[in-house]
Amino acid sequence: MDKEVRWKKATEGNNLVRNRSVLVVDRSEETREVLTTALQRRGWRTWAASRAQRGLELAREHQPDLIVLDLEIEESSPEALCEPFAQETARRKTPLVVLGGVGQGNPALKGAEIVSKPYHYGPLIRRIEELLAASERAWARSA
Amino acid sequence: MPSLFVIRGNDQGTRFELQGPSISLGRDVSNVVQLHDTEVSRQHAEIRLQDGVFQLTDLNSSNGTFVNGKRVQRSGLASGDQVQIGGTLMLFTGPNEDAGEDLSGKIDISLPQLSGDESRIIRSVTHEEGSRILQGDIEGPQTSWLARARSNLQVMYRTALAVSHTLDIDQLLQRIMELVFEWVEADRGCVMLVEPESKQLTPKVRRTRRGVRAEERISISKTILDYVMEKNEGVLTSDARQDDRWNPAASIVRMGIREAICVPMQGRYGVVGVIYIDTSTSAQDIVRKGMSNKFTEDHLKLLIAIAHQAALAVEDTRYYSAMVQAERLAAIGQTVASLSHHIKNILQGIRGGSYLIEMGLTDHDESVVQKGWAIVEKNQNKISQLVLDMLTFSKEREPELTASDLNQVAADVVELMQSRAKELGVELHYRPGEPMPLLVFDPEGIHRAVLNVVTNAIDAAENSPGQPGQPGGRVEVATFYLPETARLQVLVSDNGPGIPADHLDKLFSPFVSFKGSRGTGLGLPVSQKIISEHGGRILVESTPGRGSRFTLDIPAVQPGGTSPTQV
Chain W
1 MDKEVRWKKA
11 TEGNNLVRNR
21 SVLVVDRSEE
31 TREVLTTALQ
41 RRGWRTWAAS
51 RAQRGLELAR
61 EHQPDLIVLD
71 LEIEESSPEA
81 LCEPFAQETA
91 RRKTPLVVLG
101 GVGQGNPALK
111 GAEIVSKPYH
121 YGPLIRRIEE
131 LLAASERAWA
141 RSA
Chain Z
1001 MPSLFVIRGN
1011 DQGTRFELQG
1021 PSISLGRDVS
1031 NVVQLHDTEV
1041 SRQHAEIRLQ
1051 DGVFQLTDLN
1061 SSNGTFVNGK
1071 RVQRSGLASG
1081 DQVQIGGTLM
1091 LFTGPNEDAG
1101 EDLSGKIDIS
1111 LPQLSGDESR
1121 IIRSVTHEEG
1131 SRILQGDIEG
1141 PQTSWLARAR
1151 SNLQVMYRTA
1161 LAVSHTLDID
1171 QLLQRIMELV
1181 FEWVEADRGC
1191 VMLVEPESKQ
1201 LTPKVRRTRR
1211 GVRAEERISI
1221 SKTILDYVME
1231 KNEGVLTSDA
1241 RQDDRWNPAA
1251 SIVRMGIREA
1261 ICVPMQGRYG
1271 VVGVIYIDTS
1281 TSAQDIVRKG
1291 MSNKFTEDHL
1301 KLLIAIAHQA
1311 ALAVEDTRYY
1321 SAMVQAERLA
1331 AIGQTVASLS
1341 HHIKNILQGI
1351 RGGSYLIEMG
1361 LTDHDESVVQ
1371 KGWAIVEKNQ
1381 NKISQLVLDM
1391 LTFSKEREPE
1401 LTASDLNQVA
1411 ADVVELMQSR
1421 AKELGVELHY
1431 RPGEPMPLLV
1441 FDPEGIHRAV
1451 LNVVTNAIDA
1461 AENSPGQPGQ
1471 PGGRVEVATF
1481 YLPETARLQV
1491 LVSDNGPGIP
1501 ADHLDKLFSP
1511 FVSFKGSRGT
1521 GLGLPVSQKI
1531 ISEHGGRILV
1541 ESTPGRGSRF
1551 TLDIPAVQPG
1561 GTSPTQV
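Chains as they are written, first to last, in the working numbering: chain W, 1 to 143; chain Z, 1001 to 1567.
Calculated directly from the structure, the hints in this document are not laboratory data.
A couple of the hints might just be wrong.
What the hints assert, rightly or not - 25 Å max Cα-Cα, derived SDA-like pairs, lysine to any residue:
1. W:117 / Z:1346
2. W:117 / Z:1358
3. Z:1422 / W:48
Produce the entire structure from the sequences given, and follow the hints as far as they go.
Put into structure tokens, the structure is as follows:
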């Protein structure tokens, strides 16, 4: 709890932080609600979709800084589901966080951050923050 | 304890112990043998014990009663008889077949020098030679006895096959021993099986002819057993010494002669055991009738053939039980996987809700606390639904029958499901049937059965494009009371994608869900269980691309009155 409060104060003082954005693609309405609520409280923009197709449309339209993708949203294979998202994030060099119990060695998920289920939201949100921070640093270096 | 063992049908694997002077069979819960089979009448048949014989009587059932494939009005039952009523096939086992008897004290494997047994092998026949008795190419004139025995081996084979599916090897061997005694005049007999683990021959079944002292121990020479097992040959033995036969002072005249046949039970993969029979001729009979062998080579060959069939049946039974065991393990694995998956999702929801609550408390933001609380509550409800379904599915329960209003039950379900339907963008309509009198059923059970079907329909209709002029998902619930056929029905139709043909046969299998992470795989099995407890059925019609219609159909029972007879 303290950690989160401290973190919040730290980010409030950081003028370099621009308006970050995250897209959540998850079948579960509850997960979407929890993630978007938590992320919005950190001052980030969020979009959410329950299906892969809609998620891809939002990703292309809004170009989020990070995508959270639940692998159980469709009956298709994790590879088939993941591939277009992986392409999208790789192209824009943004992080992809995959939720679901798949092997780390799955080549289709190369480069994605895998969080197996059931997960805790606290660590997940922290990990999302770390990934965003890292990608921002990388972005700042290249700029 | 006499019993009926269900070999085929919804109650497969159930053993009904037949206790008391009269046992009723039927679909109604009042029956001792209650069968969950819609082709069985409510009061179908009864079994009475009369003068030591179990008499099966058909009670004017709609579909009749069959014993060993023949329709009967009344029939005495013997062990091994197959009783069929409706789609249910049962195996009858009579009394006095105590398979659990401890045989270790009654059958010995003895070393000849210790027991004083002087049995010698006087004839041996290989398994191959013996089995030819069934094939009809044996040389020499055939006795009528042998011809009859051969034709009856076919009967035995069929029986053995039927019994082999009962998973009860002792019962199977008991039956085989009975058949042996029908065809060979033996005094005593036993079956020994090689235990799969210890490789030791262990006595399984023992039988004595009527009038023979049953308490006498059967002593089998180890030398002879070893010979039979190792050479895979059946042997005919006698304890009379060749030169004794003409010597009136010899032991045989004092003690009589014991002849025995011991044959290997050669199966597909090896020798599974031995069958042993013996007979004694008393000294007086030898003096009166002269010397003659009771057991002949034909007996030996016949027993080899029987033993082969018995071995096949034993192998089948073992294979079948191994298969059932494997299936059970697979089913348990599937159950655990399916339940963990579902519980994992609920856990995920609870964690999300708690996280929001914690966050709201930290930030003193009540709206976030409320959001989190709603999620926790929803998941708590999911767990209680899951537990209810699991209990309904696993428990043998009696429907709690009271006079109830089906329209009220259906209306409750529709009201309960409106919010979920709205959430998924599905229109949920209700069309109550009129008039709807109070009829007797278990309102809670039927509520659950309808609820599960409606839940599925809403899930199926989500994302449905609908029809022109009527876009979106649509589910309709309708009730019907059909007085002329005395049926009560709930129809649930959706305009979802329909059920693919290859899913239809698994639709009611427990823990098989076609709804991805949303299904427990318990909904339809639970509905079906409740409906069949009411003596009804669920009909499924589905057109791919157009939608599905489930009809829950139960008999309409008037309060106070007797239930109308129906098939």
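Hint by hint, where does the structure go against what was stated? Just the numbers, ascending. Failing hints: none at all.
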